[in-house]
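> Each chain, letter by letter, is given below.
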Amino acid sequence: MKPSPFDYVRATNLTEALALLERHGEQAQILAGGQTLIATLNMRLSAPDWLIDITRIPGLSGITLTETHLVIGALTTHREIERSALVAQYAPLLGQAAPHIAHAAIRNSGTIGGSIAFADPAAEWPACCVALDARFVIQALSGERRVSARTFFRGLYDTDRAAHEIITAIEIPRERAPRRSVFMELARRHGDYAIVGVALLGRVDQGRLSDVAIGYVGAGATPLLAQGAMAALEGQAADADVLARAKAALAQDLDPSGDLYNSPATKRHLAAVLLERAVKQLLA
Amino acid sequence: MTLPEAEITLTVNGRSVRRRVEPRQHLIDFLREGLDLTGSHVGCEHGVCGACTVRVDGRIVRGCLMLAVQAAGCSVETIEGVSESGELADLQSAFHQRNALQCGYCTPGMLLCAAELLETTPNATRAQIREHISGNYCRCTGYQAIVDAIETTLTARRAGRTAD
Numbered sequence: 000m001k002p003s004p005f006d007y008v009r010a011t012n013l014t015e016a017l018a019l020l021e022r023h024g025e026q027a028q029i030l031a032g033g034q035t036l037i038a039t040l041n042m043r044l045s046a047p048d049w050l051i052d053i054t055r056i057p058g059l060s061g062i063t064l065t066e067t068h069l070v071i072g073a074l075t076t077h078r079e080i081e082r083s084a085l086v087a088q089y090a091p092l093l094g095q096a097a098p099h100i101a102h103a104a105i106r107n108s109g110t111i112g113g114s115i116a117f118a119d120p121a122a123e124w125p126a127c128c129v130a131l132d133a134r135f136v137i138q139a140l141s142g143e144r145r146v147s148a149r150t151f152f153r154g155l156y157d158t159d160r161a162a163h164e165i166i167t168a169i170e171i172p173r174e175r176a177p178r179r180s181v182f183m184e185l186a187r188r189h190g191d192y193a194i195v196g197v198a199l200l201g202r203v204d205q206g207r208l209s210d211v212a213i214g215y216v217g218a219g220a221t222p223l224l225a226q227g228a229m230a231a232l233e234g235q236a237a238d239a240d241v242l243a244r245a246k247a248a249l250a251q252d253l254d255p256s257g258d259l260y261n262s263p264a265t266k267r268h269l270a271a272v273l274l275e276r277a278v279k280q281l282l283a
Numbered sequence: 000m001t002l003p004e005a006e007i008t009l010t011v012n013g014r015s016v017r018r019r020v021e022p023r024q025h026l027i028d029f030l031r032e033g034l035d036l037t038g039s040h041v042g043c044e045h046g047v048c049g050a051c052t053v054r055v056d057g058r059i060v061r062g063c064l065m066l067a068v069q070a071a072g073c074s075v076e077t078i079e080g081v082s083e084s085g086e087l088a089d090l091q092s093a094f095h096q097r098n099a100l101q102c103g104y105c106t107p108g109m110l111l112c113a114a115e116l117l118e119t120t121p122n123a124t125r126a127q128i129r130e131h132i133s134g135n136y137c138r139c140t141g142y143q144a145i146v147d148a149i150e151t152t153l154t155a156r157r158a159g160r161t162a163d
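Protein sequences appear in the order of chains A and B. Numbering follows numbering that gives the first Met the number 0, with no gaps: position 111 of the first sequence is 110. Numbering follows numbering that gives the first Met the number 0, with no gaps: position 110 of the second sequence is 109.
Source of the hints: derived by calculation from the structure; they are not laboratory data. Note that the structure is predicted; figures quoted are calculated from it, not measured.
Residues of chain B placed beyond 12 Å of chain A at every Cβ, according to the derived structure: (1) T10; (2) G13; (3) G38; (4) G103; (5) A158.
Derived coverage of chain B by chain A (criterion: at least 3 residues anywhere in the stretch with Cβ under 8 Å from a Cβ of chain A; other residues may be distant): (6) 2 to 8; (7) 39 to 50; (8) 63 to 76; (9) 122 to 134.
Some chain B residues well away from chain A (every beta-carbon gap over 10 Å; in silico): (10) R14; (11) V16; (12) R31; (13) D35; (14) H95; (15) C102; (16) Y104; (17) L117; (18) C139; (19) G141; (20) D147; (21) T151; (22) T154; (23) R157.
Each residue gets a CB set at the ideal place from its N, CA and C atoms; glycine is no exception.
Based on the sequences and whatever the hints tell you, model everything.
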């Protein structure tokens, strides 16, 4: 379908975009890559009066390294992350997750900031950011603040970002030696939203796991950190007993709702299957 | 109520174009209806089928997930442009030979999508070909012949490079 009418403004700097957001409030939507927003406009699931295009604002795109963090500008596309040597070195999990996001043409346009702001629990970046303990840089006219990914996602499509704020960057803590990582998801067809997916991080020393972090895609109203399963695996050799305990802990960690094809029970089962596969791959 | 309008200037298939558009108009509708470039097709209109695939600043995008106003200042290429330039003549010929189309509705998008793979992944495997075109639906061929055609072109181009 075609979107209902709206007006469009291309912001040339961040202050202008923030001022427009302040003025138009809930009547305005920020347009970044547009790969979700324009689809929802087409289906008339939303009908803003204004689209504020932030894609030409300088400085919001690109991947850089600071003393403490890998910094990914909010307008960095999925494709740029997929191909980034810095990401491959400092946050390989993101490079592993990127190919699962939709299709090439959509990865060319869609942005990480847009994905975080939209906060779809079935999307890849939010769960990765939760697992990586990333933080988001959020800008308002009144100033800048940083929020942990682990507290940013509050409910279904509900986040800590206020309507007058813009996410400008994603900051991922640098590690002296990056942990091993595995990203896996189950989908009916390549590029579809995942039924369920997992982002696993950890170190392996003589068969024992440490610094384990597990983020789940599509297993609740928000991206979830599977803290029970993390505790079950931490410091352990992942033998059959330990894996069974970790999988059992997912019962408390996850809270999936059913969809057209999969009941909550099916998703719980698949989440446990994925965990075992991911741990085995991490150890391999 | 008068609908909002914006004036945009962009390059389409190498020609500079200036038009007034409604901000809500999709790039694909602008190309088809505003410029009569009807080679690109409209399918699902929510980014799933890939029939509207065009190139913007050298990268493939969904013409239904981009507004014409967003393309202001950009360089857009459609199947008409790349057919005229001959850039994809070998791929198009392979599609003919392998019978990689029947109704042809998906073909312009499929060709532009495949072209990006030819460009970026010259050693692509069949699995990579399938993954790359997974966002472009074909309802006639069952994909086998399309994968064959793309693979044939990849192989021929590699051989061509070796011969150079």
